[in-house]
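J.: This is what each chain is made of:
Protein chains: 2
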Amino acid sequence: MSSPTLTIDLQALIANWRALDAMTTCETAAVVKADAYGLGLGRVSKALAGAGVRHFFVAQANEGVELRKVLGPGPRISVFSGHMAGDAGLLGANDLTPMLNSVDQMLRHVESLPGHRFGIQLDTGMNRLGMEPGEWVALRDIAVAQKPVLVMSHLACGDQPDHPMNAHQLNSFKEMSGELDVPLSLSATAGILLGKDYHFSLTRPGIGLYGGLPFGAAQPVVTLDVPVIQIRELEPGETVGYGNTWVATRPSRIATLGAGYADGLIRAMGGGARVFADDVACPLVGRVSMDMLGVDVTELTEDPTHMSILGPQQSVDDLAREAGTIGYEILTSLGPRYARLYRE
Amino acid sequence: MSSPTLTIDLQALIANWRALDAMTTCETAAVVKADAYGLGLGRVSKALAGAGVRHFFVAQANEGVELRKVLGPGPRISVFSGHMAGDAGLLGANDLTPMLNSVDQMLRHVESLPGHRFGIQLDTGMNRLGMEPGEWVALRDIAVAQKPVLVMSHLACGDQPDHPMNAHQLNSFKEMSGELDVPLSLSATAGILLGKDYHFSLTRPGIGLYGGLPFGAAQPVVTLDVPVIQIRELEPGETVGYGNTWVATRPSRIATLGAGYADGLIRAMGGGARVFADDVACPLVGRVSMDMLGVDVTELTEDPTHMSILGPQQSVDDLAREAGTIGYEILTSLGPRYARLYRE
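Sequence lines, in order, name chains D and Z. Position 153 of the first sequence, counting from 1, maps to 134 under our numbering, and the rest follow consecutively. Position 95 of the second sequence, counting from 1, maps to 76 under our numbering, and the rest follow consecutively.
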């Protein structure tokens, strides 16, 4: 098989959802935006629904349309970007629940889809999505009369448990939502780990389901194996790849692997990144190309036919560190060119 | 329309191919690997075939299978990764021409697909793909007897015209291919620009077709417009986004836009990157989120409904510079979530 292969362990995914669910006494939803963090909206969502998830979150209405096709009627699908101009038809026809972010969105919603289910997103300090405290004060009574099904907000620094922003946002959320008789939600994965003050009626884990930090106890979900195209011998002084950036300092054996930055192996990954032959770590050499990687396999006693980039030896967060980013971006960048195997 | 919109100008693509073709007196192929550098294999390849391209290159056999479906019989489809284990069926059934990279690949090819068209890739110093000089000396007579349809190599430093590696690879290619009665190819976009010594029988432009450097005279092919989800007022001292990394130093208006790193807006893009409302540049603020960007729109006199990230004001290479990478990675990272409009 000449394609690199991405294996997605749906049992690990379900185990992660269950583990996060067991940390709270409230309902646990699942965030499946961005093609389920790059792992495949259809297979991931069906597996989670089969495990009992009844509430899914996406970023955009178009994603909700795809998800409704996958899930059929029944499970709730909520849309973080709310009710944007032109979305009424999609929201209405696919039973999607927008999280309204502003007075503008509220007006648009009640005018174009009166009686259609909605939630409200409040901004508690991240200044990204949601109604501001002042806006909310003015709108609150009118909004509540329309019977929102959820009032939510989002933490900006949840992955830093000691950051004062967490308590600040928690207090702000409590003040803004106090005395409402509406289900409340503040936390994604990071907030679940902050403890029960942060749980409210519903949590919305995303990255933790897919095996990423800050859920350190997550089971790894993704394995990535890449075929070796060829292996060559280099003399000291010979160079590898674009720009001649790597120079052999000893007689070396260099493998060329068939995946590159078009497959989400981010170009910023430097020589610190490693690729594995069984348990032996081999360093990347030279620049990552669009479709290929160079790897120094001098230390191996046998020529590998495939090597592992993600798996038990190296997590998405390990790889992210080498690329100067976060596990989330490694996942969402994985790209369409892999053969995808789902382990049920 | 709540989706971000990627507009691909197929006339500009064709004009770029014609401009590169006009720089040489030899045949000009087109490289369409990685989903035509992220712009859509089907539409891009059909447009190029309509403009007269008869030879296409992909990285992997699987891509060739897709491309054959698009093009039908006729145009030649060559595969850079050569004949890998398990690919004989795909290569045979889809009339794909592997560029054989090693003695192993040559043996595999003549054993499993005797008489099937192939080319040979030589390594002239990049140490990534292709037969080494020593390997080639041993194999050359046997290989030539099998009638390869192309002998090719690839430049490692072609985008640096003064780099001594170019002349070194040119000489090495001439030595290795001397006196062969076989069509020869050394150059992709960068090599075309190095002048006619580098052109041989066939050139293989990729990035230049799609409007990227080093083809500075390329017409821009891609326009990217992203909807504004909401705009909020900030007081000095308020923060934006994950980790509170941006702090307002004046009363500010911040727009939240509906695209993020899951859409290829690379997280490494810092505050140097800009987003445009018509011709007014507005700086990014805070970290890029998975599905969203924050932009400081304080200087605008009118609230925008959409803003432009790629277009006449900002090229893929401009954006790449802000993300510490190259235009190629911006293109191949664009992701599946855009509405794609093709301008014919």
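Don't read these hints as lab results, they were simulated from the structure. Treat the hints with care, since some could be wrong.
Footprint (simulated), chain D over chain Z, 3 or more residues, beta carbon under 8 Å [as the list claims (entries may be wrong)]:
no.: 1; region: -14 to -3
no.: 2; region: 260 to 273
Pulled a few chain Z residues facing chain D out of the computed Cβ check, cut under 8 Å [what the hints assert, rightly or not]:
no.: 3; residue: Leu161
no.: 4; residue: Gly224
no.: 5; residue: Val228
no.: 6; residue: Ser296
Okay, the calculated bits of chain D under chain Z, using three or more residues with CB under 8 Å as the criterion [to be verified]:
no.: 7; region: 27 to 36
no.: 8; region: 123 to 131
no.: 9; region: 169 to 178
no.: 10; region: 216 to 229
no.: 11; region: 277 to 286
Here the structure is a predicted model, which means the values were calculated and not measured. C-beta atoms are modelled at their ideal positions from N, C-alpha and C, and glycine is treated no differently.
J.: Now tell me, hint by hint, if it's right for this structure.
T.: Hints versus structure:
1. -14 to -3: Contact hint for the region -14 to -3 of chain Z vs chain D: violated, 0 residues under 8 Å.
2. 260 to 273: holds (count 5)
3. Leu161: violated (21 Å)
4. Gly224: At about 6 Å, which falls below the 8 Å cut-off, the nearest Cβ of chain D leaves the hint on Z/Gly224 intact, so it holds.
5. Val228: Hint violated; Z/Val228 Cβ to chain D Cβ min 10 Å, cut 8 Å.
6. Ser296: With a minimum Cβ separation of about 18 Å from chain D (threshold 8 Å), the hint on Z/Ser296 is violated.
7. 27 to 36: violated (count 0)
8. 123 to 131: violated (count 0)
9. 169 to 178: violated (count 0)
10. 216 to 229: holds (count 7)
11. 277 to 286: The restraint on the region 277 to 286 of chain D is violated, since only 1 of its residues have a Cβ under 8 Å from chain Z and three are required.
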